[in-house]
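2 protein chains.
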Amino acid sequence: MPIKSRIRTIPDYPEKGIMFRDITTLLQDAQGFRKTVDELVQLHVRSKVDKVAGIEARGFILGGAVAHQLSVGFVPVRKKGKLPYDTLAESYDLEYGTDTLEIHTDAIVEGESILLVDDLIATGGTAEAAIKLIRRAGGEVIGCTFVVELPELGGRERLEAMGCEVLALCSFEGL
Amino acid sequence: MPIKSRIRTIPDYPEKGIMFRDITTLLQDAQGFRKTVDELVQLHVRSKVDKVAGIEARGFILGGAVAHQLSVGFVPVRKKGKLPYDTLAESYDLEYGTDTLEIHTDAIVEGESILLVDDLIATGGTAEAAIKLIRRAGGEVIGCTFVVELPELGGRERLEAMGCEVLALCSFEGL
Chain A
1 MPIKSRIRTI
11 PDYPEKGIMF
21 RDITTLLQDA
31 QGFRKTVDEL
41 VQLHVRSKVD
51 KVAGIEARGF
61 ILGGAVAHQL
71 SVGFVPVRKK
81 GKLPYDTLAE
91 SYDLEYGTDT
101 LEIHTDAIVE
111 GESILLVDDL
121 IATGGTAEAA
131 IKLIRRAGGE
141 VIGCTFVVEL
151 PELGGRERLE
161 AMGCEVLALC
171 SFEGL
Chain B
1001 MPIKSRIRTI
1011 PDYPEKGIMF
1021 RDITTLLQDA
1031 QGFRKTVDEL
1041 VQLHVRSKVD
1051 KVAGIEARGF
1061 ILGGAVAHQL
1071 SVGFVPVRKK
1081 GKLPYDTLAE
1091 SYDLEYGTDT
1101 LEIHTDAIVE
1111 GESILLVDDL
1121 IATGGTAEAA
1131 IKLIRRAGGE
1141 VIGCTFVVEL
1151 PELGGRERLE
1161 AMGCEVLALC
1171 SFEGL
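Line by line, the protein sequences give chains A and B.
Residue numbers for the first sequence, in this note's numbering: 1 to 175.
Residue numbers for the second sequence, in this note's numbering: 1001 to 1175.
Because the hints were derived from the structure by calculation, they are not lab data.
The reader is advised that the hints may include incorrect statements.
[Claimed, not checked] Listed below are the simulated BS3-like cross-link pairs for lysine-lysine, each with C-alpha atoms no more than 30 Å apart in a straight line: (1) A:Lys82 / B:Lys1048; (2) A:Lys35 / B:Lys1016; (3) A:Lys4 / B:Lys1016; (4) B:Lys1079 / B:Lys1016; (5) B:Lys1080 / A:Lys79; (6) A:Lys16 / B:Lys1004; (7) A:Lys16 / A:Lys48; (8) B:Lys1048 / A:Lys4; (9) B:Lys1080 / A:Lys16; (10) B:Lys1016 / A:Lys16; (11) A:Lys48 / B:Lys1079; (12) B:Lys1132 / A:Lys132; (13) A:Lys80 / B:Lys1080; (14) B:Lys1035 / A:Lys79; (15) A:Lys79 / B:Lys1048; (16) A:Lys80 / B:Lys1048; (17) B:Lys1048 / A:Lys16; (18) A:Lys132 / B:Lys1048; (19) A:Lys79 / B:Lys1079; (20) B:Lys1080 / A:Lys4; (21) A:Lys79 / B:Lys1004; (22) A:Lys48 / B:Lys1082; (23) B:Lys1004 / A:Lys4; (24) A:Lys35 / B:Lys1035; (25) A:Lys82 / B:Lys1080; (26) A:Lys82 / B:Lys1016; (27) B:Lys1079 / A:Lys132; (28) B:Lys1048 / A:Lys35; (29) A:Lys48 / B:Lys1016; (30) B:Lys1004 / A:Lys82; (31) A:Lys48 / B:Lys1080.
[Said to hold, decoys possible] Each pair of labels, with its calculated beta carbon distance range: (32) B:Glu1157 / A:Asp12: 42 to 48 Å; (33) B:Asp1093 / A:Asp12: 32 to 38 Å; (34) B:Leu1043 / A:Gly154: 44 to 50 Å; (35) A:Lys80 / B:Pro1011: 29 to 35 Å.
For each residue, glycine too, the CB sits at the ideal point set by N, CA and C.
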């Protein structure tokens, strides 16, 4: 059962011309979810991982499961205004306007090895902001792992230029 | 290591008079996160669970890990406008105004046993809306499981009145 076969494509969502890759059909499938998390874990089982960071919100589902399986802590990287304690913030560009991600100032101990997990990498803008936050908080990003990659949008090159290893379980051509 | 001891209390957040129970300190602690997920799983390891449903966003972190550990699928119950396919919606009251949760119409197969997971139960309004959605989608809620309960706010009684079993790992007095 290839993981890619359980991902649903929704044409023209959220706007005309976009092929939205919907992983909910993968997550709700027992075999599909099990396999997805196990493959994400397998990629890093020999690395030193101190914590997993997941990007709100779909990265929480996968990151929580990966952190538990690796027996490490989980750090949420959240949208602005959602974390209750002192935070660091990074803004990033969207097609129209900007958005902001935050991390707790005490989420990471200086020098910890952090694995970043999210569902999908497109342009890499969100992941770039998350990497900057993790580094500012004192962490070393030892890998960025995604279920889906959209290679035409250049996210991999963007994160590699920051010195990060990028791994994805499957890829889709087109936007 | 009691789970409760790893939860941080932030006074006057998000507004004066509220004692906010911050589970990020528990989640980022390897031992704390492991123990939390294992205890949530242990409560249901003898039950027939077909899928875990998690409520956005903190319920995704815990629900994803619990679903993976039980080897079942995960269903996200999301804020309005976040799910890309056809949805069912339920609104619920907040202190000021209302909010809406959604579930995909095809997330659950008729008759499936669903375990609902979230981080905290206060008045139970959010969980009530999630239970209604799961039932409308064809699922049977076999349990509602939380890390933290605020017993003075009556959430347990509200969900029990709907015929749901409520379990929580720890409780805090006061709001």
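Going down the list of hints, with the structure as the test:
Restraint check: the Cα-Cα separation between Lys82 (chain A) and Lys1048 (chain B) comes to about 34 Å, which exceeds 30 Å; the hinted pair is violated. The suggested pairing of Lys35 (chain A) with Lys1016 (chain B) is violated, with an alpha-carbon distance near 45 Å, which exceeds 30 Å. Annotation: proposed proximity of Lys4 (chain A) to Lys1016 (chain B) is violated, straight-line Cα distance about 48 Å (limit 30 Å). With a C-alpha separation of about 25 Å, the suggested pair Lys1079 (chain B) and Lys1016 (chain B) falls inside the 30 Å cut-off, and the hint holds.
For the suggested pair Lys1080 (chain B) and Lys79 (chain A), the alpha carbons sit about 16 Å apart, so the restraint of at most 30 Å is met. At most 30 Å may separate the alpha-carbon atoms for a hinted pair to count; Lys16 (chain A) and Lys1004 (chain B) exceed this at roughly 48 Å. Of the supplied pair hints, the one linking Lys16 (chain A) and Lys48 (chain A) is violated, its CA atoms being roughly 43 Å apart against a limit of 30 Å. For the given pair, Lys1048 (chain B) sits about 28 Å from Lys4 (chain A) by alpha-carbon distance, which is consistent with the 30 Å threshold.
At roughly 20 Å between alpha-carbon atoms, Lys1080 (chain B) and Lys16 (chain A) fall within 30 Å of each other, so this suggested pair holds. Simply put, Lys1016 (chain B) and Lys16 (chain A) have alpha-carbon atoms about 44 Å apart, too far for the 30 Å limit, and the pair is violated. For the proposed pair Lys48 (chain A) and Lys1079 (chain B), the alpha carbon gap of about 35 Å is over 30 Å, so the pair is violated. This hinted pair does not check out: Lys1132 (chain B) and Lys132 (chain A) have alpha carbons roughly 40 Å apart, beyond 30 Å.
Distance restraint check for Lys80 (chain A) and Lys1080 (chain B): the Cα-Cα separation of roughly 18 Å lies within the 30 Å cut-off, and the hinted pair is therefore satisfied. A hinted pair counts as satisfied when its Cα atoms are at most 30 Å apart, and Lys1035 (chain B) with Lys79 (chain A) qualifies at roughly 27 Å. With a C-alpha separation of about 35 Å, the suggested pairing of Lys79 (chain A) with Lys1048 (chain B) is violated against the 30 Å cut-off. Restraint check for Lys80 (chain A) and Lys1048 (chain B): the C-alpha separation of about 38 Å exceeds 30 Å, so the hint is violated.
Simply put, Lys1048 (chain B) and Lys16 (chain A) have alpha-carbon atoms about 42 Å apart, too far for the 30 Å limit, and the pair is violated. About 43 Å separates the Cα atoms of Lys132 (chain A) and Lys1048 (chain B), which puts this hinted pair outside 30 Å; it is violated. At most 30 Å may separate the alpha-carbon atoms for a hinted pair to count; Lys79 (chain A) and Lys1079 (chain B) meet this at roughly 14 Å. Proximity of Lys1080 (chain B) to Lys4 (chain A) is assessed by CA-CA distance (about 27 Å); at most 30 Å being required, the pair is judged to hold.
Straight-line distance between C-alpha atoms of Lys79 (chain A) and Lys1004 (chain B) comes to about 26 Å, which keeps the hinted pair within the 30 Å bound. Of the pairs offered as hints, the one joining Lys48 (chain A) and Lys1082 (chain B) is violated, with about 34 Å between alpha carbons and a cut-off of 30 Å exceeded. With a C-alpha separation of about 40 Å, the suggested pair Lys1004 (chain B) and Lys4 (chain A) falls outside the 30 Å cut-off, and the hint is violated. Between Lys35 (chain A) and Lys1035 (chain B), the direct Cα distance comes to roughly 23 Å. Compliance with the 30 Å bound is thereby established for this hinted pair.
Annotation: proposed proximity of Lys82 (chain A) to Lys1080 (chain B) holds, straight-line Cα distance about 17 Å (limit 30 Å). Between Lys82 (chain A) and Lys1016 (chain B) the alpha-carbon distance is near 17 Å, which keeps this suggested pair within the 30 Å criterion. Proposed proximity of Lys1079 (chain B) and Lys132 (chain A) is supported: the alpha carbons are some 27 Å apart, at most 30 Å. Taken as a hint, the Lys1048 (chain B) and Lys35 (chain A) pair is honoured in the structure, with Cα atoms around 21 Å apart against an allowance of 30 Å.
The straight-line distance between the Cα atoms of Lys48 (chain A) and Lys1016 (chain B) is roughly 42 Å, outside the 30 Å bound, and the hint therefore fails. Only pairs whose Cα atoms come within 30 Å are accepted, and Lys1004 (chain B) paired with Lys82 (chain A) is accepted, the gap being roughly 21 Å. With a C-alpha separation of about 38 Å, the suggested pairing of Lys48 (chain A) with Lys1080 (chain B) is violated against the 30 Å cut-off. At roughly 45 Å, the beta carbons of Glu1157 (chain B) and Asp12 (chain A) sit within the given window of 42 to 48 Å.
In this structure, Asp1093 (chain B) and Asp12 (chain A) meet the distance hint of 32 to 38 Å, their C-beta atoms being roughly 34 Å apart. A hinted range of 44 to 50 Å for the beta carbons of Leu1043 (chain B) and Gly154 (chain A) is consistent with their spacing of about 45 Å. Hint check: Lys80 (chain A) to Pro1011 (chain B), Cβ distance near 22 Å, so the stated range 29 to 35 Å is violated.
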